[in-house]
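> Here are the chains, one letter per residue:
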Amino acid sequence: MNESLFTPFITPTVLGLPAAVLVILFPPLLIPTSKHFINNRLIIIQQWLIRLILKQMMTTHNAKGRTWSLMLTSLIIFIASTNLLGLLPYSFTPTTQLSMNLAMAIPLWASTVAMGLRFKAKITLTHLLPQGTPTPLIPMLIIIETVSLFIQPLALAVRLTANITAGHLLMHLIGSSALAMLAINLPLTLITLTILTLLTILETAIALIQAYVFTLLVSLYLHDNS
Amino acid sequence: MASVGECPAPVPVKDKKLLEVKLGELPSWILMRDFSPSGIFGAFQRGYYRYYNKYINVKKGSISGITMVLACYVLFSYSFSYKHLKTPAGRSWAISEGNSQEGVV
Numbered sequence: 001m002n003e004s005l006f007t008p009f010i011t012p013t014v015l016g017l018p019a020a021v022l023v024i025l026f027p028p029l030l031i032p033t034s035k036h037f038i039n040n041r042l043i044i045i046q047q048w049l050i051r052l053i054l055k056q057m058m059t060t061h062n063a064k065g066r067t068w069s070l071m072l073t074s075l076i077i078f079i080a081s082t083n084l085l086g087l088l089p090y091s092f093t094p095t096t097q098l099s100m101n102l103a104m105a106i107p108l109w110a111s112t113v114a115m116g117l118r119f120k121a122k123i124t125l126t127h128l129l130p131q132g133t134p135t136p137l138i139p140m141l142i143i144i145e146t147v148s149l150f151i152q153p154l155a156l157a158v159r160l161t162a163n164i165t166a167g168h169l170l171m172h173l174i175g176s177s178a179l180a181m182l183a184i185n186l187p188l189t190l191i192t193l194t195i196l197t198l199l200t201i202l203e204t205a206i207a208l209i210q211a212y213v214f215t216l217l218v219s220l221y222l223h224d225n226s
Numbered sequence: 001m002a003s004v005g006e007c008p009a010p011v012p013v014k015d016k017k018l019l020e021v022k023l024g025e026l027p028s029w030i031l032m033r034d035f036s037p038s039g040i041f042g043a044f045q046r047g048y049y050r051y052y053n054k055y056i057n058v059k060k061g062s063i064s065g066i067t068m069v070l071a072c073y074v075l076f077s078y079s080f081s082y083k084h085l086k087t088p089a090g091r092s093w094a095i096s097e098g099n100s101q102e103g104v105v
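Protein chains in written order, with our numbering: chain A, 1 to 226; chain B, 1 to 105.
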């Protein structure tokens, strides 16, 4: 049973070559670009979505922060499309691999911090100490704030990995239990199948929400530092 | 019967489309295709635009355009994970190459 629980998360290989690259490169095929003014329905829907995301996310930033719009928009679209494609049967979700999420989180977080230190060094350093702390507590609080700063990329990556992995695992377990109970006890199977349906709806929501949260937090770190 | 405007000179084998190649000419047709990286990339690009212009880039495209792609993606992923799915769950003492543990459900 252990082996079958882990099989959805194995990186696909073909004769030893990682096919994970192909799987990661698949979502852009579903997002066409267009040079025309009037487009087909798929492009119209996607352009509307991108405008919505852009407006929602970039209004709180100043001019310097808005140079990040392309990065953040493509980030949220990538994470959302990868998570949603992972809900299809037998597909491989790259965001379940901690390596990939760390590779996304650490450079983004580090560049927000580097931007803050480069352009507003004094203000970035003063962020380490909340206003109005009593004097004896200052050394301890600075250490705490520094630790919380360094935990941010780890939290970003682990949050995304854990949420998506846990959701997939739960669906796998409940689905296989429903299948096993089919021969034994039919009403219980129906209840389990209802739970599975609800869980699938939840997973769809989570796929989108995780993308949103990831991008929102990066944008928040950017706002602090720009 | 040749129509009036048809040119009588034979088209070279290399430029024929696949359905117009006669069976005897098939090996030479395959050998003459462009298998360089840019040739393969061009083939993928042509295929992509053929599908795109037929099913998606139309005035009233429906959801089936993208559903066909997702169905192919599911089949593709299934073929990738076929090796792991061959042994039924809970019986990993069946002869499989990687794992030889004796696990029971």
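Everything labelled a hint here was simulated from the structure, so no lab data went into it. The beta carbon of each residue, even a glycine, is placed where N, CA and C say it ideally should be. Errors might be hidden in some of the hints.
To be verified - Here are the simulated lysine-lysine pairs, DSBU-like style, with alpha carbons at most 30 Å apart: (1) Lys35(A) - Lys64(A); (2) Lys60(B) - Lys35(A); (3) Lys35(A) - Lys54(B); (4) Lys83(B) - Lys35(A); (5) Lys35(A) - Lys120(A); (6) Lys55(A) - Lys83(B); (7) Lys122(A) - Lys60(B); (8) Lys35(A) - Lys122(A); (9) Lys35(A) - Lys55(A); (10) Lys55(A) - Lys120(A).
Said to hold, decoys possible - To list a few chain B residues with every Cβ distance to chain A over 12 Å, as calculated: (11) Gly24; (12) Leu26; (13) Pro37; (14) Ser38; (15) Ile40; (16) Gly65; (17) Ala71.
> Confirm or reject each hint.
Outcome of the hint check:
1. Taking the CA atoms of Lys35(A) and Lys64(A), the gap is about 28 Å. The hint holds against a cut of 30 Å.
2. The straight-line distance between the Cα atoms of Lys60(B) and Lys35(A) is roughly 19 Å, inside the 30 Å bound, and the hint therefore holds.
3. With a C-alpha separation of about 18 Å, the suggested pair Lys35(A) and Lys54(B) falls inside the 30 Å cut-off, and the hint holds.
4. At roughly 43 Å between alpha-carbon atoms, Lys83(B) and Lys35(A) are farther apart than 30 Å, so this suggested pair is violated.
5. For the given pair, Lys35(A) sits about 40 Å from Lys120(A) by alpha-carbon distance, which is inconsistent with the 30 Å threshold.
6. Our distance criterion of 30 Å between C-alpha atoms is broken by Lys55(A) and Lys83(B), whose separation comes to about 46 Å.
7. Distance hint between Lys122(A) and Lys60(B) is unfulfilled; the C-alpha atoms sit about 57 Å from each other, more than 30 Å.
8. Simply put, Lys35(A) and Lys122(A) have alpha-carbon atoms about 45 Å apart, too far for the 30 Å limit, and the pair is violated.
9. Restraint check for Lys35(A) and Lys55(A): the C-alpha separation of about 22 Å stays at or below 30 Å, so the hint holds.
10. The hinted pair formed by Lys55(A) and Lys120(A) meets the criterion: a straight-line CA distance of about 26 Å does not exceed 30 Å.
11. Once the 12 Å rule is applied to beta carbons, Gly24(B) is consistent with being away from chain A; the minimum gap is 33 Å.
12. The Cβ of Leu26(B) sits about 27 Å from the closest Cβ of chain A, beyond the 12 Å cut-off, so the non-interface label holds.
13. With a least CB separation of 16 Å from chain A, Pro37(B) remains clear of the 12 Å interface cut-off, as annotated.
14. Chain A leaves Ser38(B) outside its interface by the beta-carbon criterion, the shortest separation being 18 Å against a cut-off of 12 Å.
15. Annotated as non-interface, Ile40(B) keeps its C-beta farther than 12 Å from every C-beta of chain A; the closest such distance is 14 Å.
16. A beta-carbon of chain A comes within 12 Å of the beta-carbon of Gly65(B); the shortest separation is about 7 Å.
17. Ala71(B), annotated as away from the interface, has a beta carbon of chain A within 12 Å; the closest lies near 9 Å.
Of the numbered hints stated above, those contradicted by the structure are hints 4, 5, 6, 7, 8, 16 and 17, listed in ascending order.
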